[in-house]
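*Asks:* Sequence:
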Amino acid sequence: MLSPFNEGKISSRTVLFTSISEEYMNPMRLGEVLGGAFDRIWMVKDCKELTKKVEERDAIAIKLENAEIKLITAANDRRLKWEKKVAKAERKGNPIPERRGVDTQTRNISEWMKAKDRPTHRPGKIPFEGEKVDTIETQKQAIAGNEWRQIPAAFVEFRTQFHANESRRVWSARNQLEPRAIGVAPKEIIWENLEIKRNERVLRVFATGTFLTAMIIFWTVPVAVIGAISNINYLTAKVPFLSFINDISPVILGVITGLLPSVALSILMALVPIVCRWMGKLSGEVTTPAVELKCQNWYFAFQVIQVFIVTTFSSGAASAVSKIIQNPSSATTLLAQSLPKASNFFICYIIVQGLGIAAGNLINIGALFMLTIGGKFLDKSPRKMYNRYTTLAGLGWGSLYPKFCCLGVIAISYSCIAPLVLGFATIGFAILYLTVRYNMLFVLSNDVDTKGLSYAKALQQLMVGVYISEICLLGLFAINTTIGPIVLMGVFLVFTAIYHGAMRHTAKNLIMHIPQPAGDGQLSLFMSPAINVNDPAKPDDIPLTEVENHAQEPRDCTVDSEAFRNGLLFKFFDSQIFRTDWPDDKFTFHSQEAPIYGEDARTEAYFNPAMISPAPMVWIVKDVMNISAKEVEDTHRSIRISDAHATFNGLGDIEWDQERFDQVPIGEDKICY
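Under UniProt numbering, think of the first position of the sequence shown as 1, with each following residue one higher.
Simulated from the structure, these hints should not be mistaken for laboratory data.
One should not assume that every hint holds.
[Stated by the list, open to error] Quick list of in silico lysine-lysine cross-link-like pairs, DSS-like style, CA-CA up to 27 Å:
no., residue 1, residue 2
1, Lys52, Lys281
2, Lys187, Lys197
3, Lys670, Lys9
4, Lys403, Lys281
5, Lys622, Lys376
6, Lys281, Lys53
7, Lys384, Lys187
8, Lys63, Lys376
9, Lys187, Lys70
10, Lys84, Lys451
11, Lys451, Lys281
12, Lys403, Lys622
13, Lys451, Lys63
14, Lys451, Lys403
15, Lys403, Lys84
[Said to hold, decoys possible] Ranges of calculated distance between the beta carbons of each label pair, as one might list FRET restraints:
no., residue 1, residue 2, range
16, Leu80, Val275, 47 to 55 Å
17, Glu49, Leu434, 44 to 52 Å
18, Asp247, Glu655, 49 to 57 Å
Being a predicted model, the structure only gives us computed values, none of them experimental.
From the three backbone atoms N, C-alpha and C, an ideal C-beta is built for every residue, glycine too.
Using the sequences plus the hints, can you model the full thing?
*Replies:* Rendered as structure tokens:
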């Protein structure tokens, strides 16, 4: 976070404020209340209609590209057939057949995108009144004229990331501005959620939370239905009107009872993180990292409840039901002896998960199939081939961590009841570590950057295993009515809760905010306790000179007590004493230079993508008949088009220049915001 590369990024110094009050909707007014530590302010504008038109324009361009490629491919196929006939005629000494090509005079761009096909609308509010105008052109003029309705949100770029973090810290307790995010790249913004007001966001959070809670609780219903399908023979015997199922062919019935439930259950489980992400977006989160963190919370709760707790109860209770029925007085003893038997299932579960996930990550059968076989049938244009070749699959932190955290919770929970689980968990996690690490370094890309918050949250979630383990031991001691161990476990449970709360409180500022270096005076602008922004006086009455005159040096957050510093525990746990230079020697990321931005990149960094999105480049295939050259000549006045770096091979298949993938027409230099 403190490396020159990260500090030099615009996103590291930019704070997103939402729920801005009406009096601060003006950039000048907002700048006055923020002080003089910022470089640029982007006020967010409502671009819903423009976004729709831009998407429609892009769809038209892709449709045109596909039509052009289809035309040229058909012409090239006819050329290849004609050349084969010529070669055959020459071998037999027959006359050369007449050459038949393609009439490019009648098959040009006007066939696929005429003037009337461009999106139009009537600017008046009364339907069917007024003359139609070109929608895209008028929307561009509206952008230039700043005629968009403003949204109560703004991006503020500060001079340093310390200024940005201190601004976020200060304004978190105020009502005029609500700092929602910091260090978020423009591509990670959910623009349609920026308009949501504070009260509406609270209602959305409550509604989505209620839905997800109900989904987690009642998830056993669809799972039970799928389980019933796998045991269809038992159902037909108990439910008479299902007897017609017995007339089905044994082969089909075997597929229904064997393969169908497994596939259905896999699809059902795969839908859980998708639904969690959807609910996170509906709840009003304004960034994709925030959606991933919310998905991680709910998916972890689902994993613990449905995968661990429900299975534990069913396995432990089922093993003792028959004996309890025969001798009810021995229920407590039998339960105390039978609950640990659920560990047998989880030993197998950890082994299967470790080997199964590891094998799946190494083979990566889906990507392998699409790259070798599926792509040959689906990729019919150079654009699709280029995208498949240059795009890596993204990581979903919200669905990745909960799976491993659940395994960790299982291992910790059974560590005291059945310590044998720890051995298998160690082997399973070792295998998972090797395969997941390989995929993260060489196979997958980090599309959503949570700045390490997902990892920190995962560590906190592992404490659930400690709580479950202690509660389980407390219950086992209570079943055996042993007073001493019950009191001891109660004390440990309270101590664990106190420790957990203290750890969360201590780590919160380190996780959410950048630590302030002692003696650094760059935060003096924000260290002004004499200025009260909530004062009844208008912010206009507070000049910037007054803010600067009341500035103070940053507070030193370190402990000044000499007695504490000289203590034995402090010396033993002091990280500075045992610090090494190994990380600095091994990792060169901290020596990476800060990114350099052009003036346009700086100015347009946090504009809505619809406002700055250019028309797509149409990329067609070059052919020996010069049809593509004619299409480029006829089309370039309407839209950007090129036939470079894409040709047909001898079999008529499309090929693009993979050796110079950075020079293809649709290639773009990605800006690291």
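*Asks:* Give a verdict on every hint.
*Replies:* The hints, checked one at a time:
no. : hint                           : result
1   : Lys52 with Lys281              : 19 Å, holds
2   : Lys187 with Lys197             : 22 Å, holds
3   : Lys670 with Lys9               : 13 Å, holds
4   : Lys403 with Lys281             : 21 Å, holds
5   : Lys622 with Lys376             : 19 Å, holds
6   : Lys281 with Lys53              : 23 Å, holds
7   : Lys384 with Lys187             : 21 Å, holds
8   : Lys63 with Lys376              : 20 Å, holds
9   : Lys187 with Lys70              : 33 Å, violated
10  : Lys84 with Lys451              : 60 Å, violated
11  : Lys451 with Lys281             : 19 Å, holds
12  : Lys403 with Lys622             : 48 Å, violated
13  : Lys451 with Lys63              : 38 Å, violated
14  : Lys451 with Lys403             : 20 Å, holds
15  : Lys403 with Lys84              : 58 Å, violated
16  : Leu80 with Val275: 47 to 55 Å  : 49 Å, holds
17  : Glu49 with Leu434: 44 to 52 Å  : 51 Å, holds
18  : Asp247 with Glu655: 49 to 57 Å : 54 Å, holds
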